[in-house]
Amino acid sequence: MGAISAFGQKCDFSIRGKILHQENNDPIVGAYIWVVESATGAVSNENGNFEVKNLCAGNYTLTIQYLGHKEIKDSISLNSNNFNKTYRLEEESMELGGVEIHGHKLAVQTTTSVSALYGEALLEARGESLGESLKRISGVTTFSTGNSISKPVIHGMHSNRIMILNNGIRLEGQQWGAEHAPEIDPFVADEITVIKGAETVRYGPEAMGGVILVNPAPLPTKKDPKTNLYLTGGTNGRMGNISVSHANGSNKIKGLGYQVQASAKRAGNIQSPDYYQGNTGLSELNFSGSLGYSSSKLGIEGYYSYFNTTLGILRDSHTGNLDDLISIIENGRPFSDPGFTYDIVNPKQVVSHHLGKVKSHYHLSDTWKLNFQYGFQANNRQEFDKRRGDLNDRASLDLQLFTNTLDLYLDHNLKNEWSGSFGINAIQQANSNIPGTGVTPLIPNYDMLNLGLYAIEKYSKGPLEIEGGFRYDTRSVNTARFVGSELQEADLRYNNFSAFIGGLYQINPKITFNSNLGTAWRPPNVNELFSEGLHHGAAAVEIGDADLNSENSVKWVNELEYDGGRTHLEITAYANHISDYIYLSPTGETYVSLRGTFNVYEYLQANAFFYGFDFSGSYVFTERISAYAKGSIIRAKNTEEDNYFPFIPSDRMDWGLAYQFGSLSNSKTNKLTISNLLVARQKREPDFDLAPAPPAYAIFNIAYQKQIAIGEDKLNLGIQVQNLFNASYKEYMNRFRYFTDDMGRNILLKINYQF
Amino acid sequence: MKYFKNFYVLSAILFAMTLVSCESEDPVMENDEEVITDVTLRFTELDNSGATIGDPFEFVASDPQGIELGSPTIETVNLTKGKSYRMEILLYNSIADEDITEEVQEESDEHQFYFLGSAFIGSPVLTYTYDDPSGELIGLRGNVVVSQSTGLNNANMRIILRHDLDKSFPGADNPNFQNFVAAGGETDLDITFPLVLN
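Protein chains in written order, with numbering that gives the first Met the number 0: chain P, 0 to 754; chain C, 0 to 197.
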């Protein structure tokens, strides 16, 4: 050191850099960087960044070490203050005894705004549907049909404008329907991640508003039995929910692991403060299992999940004609109050979903990895209406949807700043109406084939990450249906190019900024093209348009994150322009039949502009008291007609105070949270709605969460009271606001035992 | 890079094979079995003792397309002041060639007709009483008395068939129950026949 200083140079240079996992590009926290010559060092921070200060110009040898990873030695020449280099650490091969092998975890590779639900927050959400759980993330709301059917909404977009990935496979159900909930058991997830940017390039068409990733825990790679038992009970609807999961690995065959999981749920009629909602029970039975093997070069995993639900639909929501509909809207609540029962009668839905997948990757070299993923899905949706005689036992909508998805992609994490992925993606789909419904099918039978090619490249250097990519898709859709005795056929083709560019910059250790500009597209769905028939819930005849174009959007998302010890703050702002946005519009005409009168709606296209922001923040006052607040504001306009679209979430905010019993340092949760949800009235209403937007409301909730250690095991206890004051309210985003109040008070007990 | 290409080709072939095995079914013609396309009001004159006299005569409302298209064709009902009639309602689905009357009869506990419109409400020109052979209140058969003294020559007969209602709801036993929606259920038919009195 003395020798170097003797040159008399300035010695205020720094070596900056970033440490990432070779495997998945995740930042490595706590890697040790040692400068041999100066005998000084640094430890990488949460973002993998490090800085070794007070160095003179000269040549240095760096060693980078992290437990279980191969050491890197690098000789560098430091002659300015701009030195910044990215290092990727490779896990040591499993042949070395005693080294823990990590599963080949796939991290979310994006520079855009990402929020995740995991750990304690996910524990508190257990027992809720996927849509309900995701409401805990700012900027995510739900579009629901009663209290048991809820679809996630990201930045005002839902259904086919967002994408849900179940363990890496895009969920292909009948997502077009407003009353079609995602066919997924949230208990499969160890982590639920929401990407708020347009991610068509990476995940394929339709990911306009965002992407939801439902990911199970990585499979164990050695013998380490873990069992998780969840028991949840709720007073409202007298809901009971059980889930068990078990994971273990093998000592005989290193790298072999499995996981099995099953859950069951049963609930009866939901209670609004003044009455029971007739026929709103549900029953659910789910199962999933996976088996995987991973070695240093190869990883292979098989996964299967089964989802099965029977959902009762509020009896009074099925109206015979427009007069019936007007009568119940005027009444403001159901005419019937049948009290409590677990029985589910018509109208109801019976939905099952099978998903099987095989995933494999092979490390061609240190830096190149070949990935293969194949998924098969079978979705069966049956909707039963109240009908006469033996028709009552037959579904009036009976759809079988098969989907094959194939992904082949080549990842590279070069030793320098570059990483990326090139791939092809194929989706093939076959939809059939199962004959015997006694109803002209609402949507035709169809075959769809989508082929996509994409490339994504990322540059990471110190605090800066820049990412860009593009994709080309071609899709063909062939449809056929009998209307009466006439066979209607159509062959349609859609092509599209999409691209994105994004960046992330860590301004200082506390502040990170990211920005992403991406295009996305969505071909019109078959229901938008070919719907023709009566929609019972809305006493409406919906008419599709076979000449609709694809929707194209450009979304710009910016996020600023501040993490300053006591204060944590995240603000996301976005703007999304969509050309040819498809929406259902009332024609103002009515159909008159022997059954009465019906409103007529048609699918139209117009340019749309969505913008808004989400925020979420927390502040720790003392060791015991902390507070949080989160909220979102969305504006969505039809820029051609200069009016508003229906079912856009109103402004809302959720804030709360938490008190921690006992000290934080013992790290066991023992926390009481009081929170308050404030939802504004939606003042930006469409020109036509069946009923005006309901008034603003406020809901109070209390939650108590405690963790108890029993030897090596963990017991998590949660008690929650939702809608503490049993307030009567209607949520604008609930389609059943026309017919009923929302759910009244609900007291939940949530037990989780980990052993 | 050569073996990548082989891998891609092989995968493409494998994938193509799965595609072949997964095609949508050919569409099948589906009859709309739920729809009622023809509603017939069959009147037979009654004498003072309640026995039928003369030949029955009918008035039809029909909508062969069901709900999808077009307005229904509804005939004008002609009745004579001061007379009593038996009124039977016949329901038919011409799309699936099914007699719906029977189905409604079988589910008598879930169906009921209501008779509204200016003919039955306000200062009624028609007085309706249920007279179903089973004794239940359905309205597939009933008696209609035409007022003798009315000065009106025209009125409307609005005939509503409710399905899945609560028949024991207070007031639901009244054939002219205007607040029928309160008894729950949904409307299967809602037809207004013009009425001309001679």
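Hints are computed from structural coordinates only; laboratory data are not their basis. Think of the CB as a built atom: it goes at the ideal place given N, C-alpha and C, for glycine as much as any other residue. Among the clues, some could well be false.
In silico negatives: residues of chain P with every beta carbon more than 12 Å from chain C [stated by the list, open to error]:
1. PRO26
2. ASN58
3. SER158
4. LEU255
5. PHE334
6. TYR445
7. ALA626
8. ASN642
9. PHE644
Stretch-level coverage of chain C by chain P, calculated; a stretch enters the list once three of its residues show a Cβ under 8 Å from a Cβ in chain P [as the list claims (entries may be wrong)]:
10. 35 to 47
11. 118 to 124
12. 127 to 137
13. 141 to 147
14. 170 to 182
Residues on chain P that point at chain C, a partial pick, calculated with CB under 8 Å [what the hints assert, rightly or not]:
15. HIS317
16. THR318
17. ASN444
18. PRO462
To see whether the hints hold, each was checked on the structure:
no.	hint	in the structure
1	PRO26	holds, 29 Å
2	ASN58	holds, 37 Å
3	SER158	holds, 22 Å
4	LEU255	holds, 25 Å
5	PHE334	violated, 5 Å
6	TYR445	violated, 6 Å
7	ALA626	holds, 47 Å
8	ASN642	holds, 29 Å
9	PHE644	holds, 27 Å
10	35 to 47	holds (count 3)
11	118 to 124	violated (count 0)
12	127 to 137	violated (count 0)
13	141 to 147	violated (count 0)
14	170 to 182	holds (count 3)
15	HIS317	holds, 6 Å
16	THR318	holds, 6 Å
17	ASN444	holds, 4 Å
18	PRO462	violated, 34 Å
In this structure, the hints that do not hold are numbers 5, 6, 11, 12, 13, 18, in rising order.
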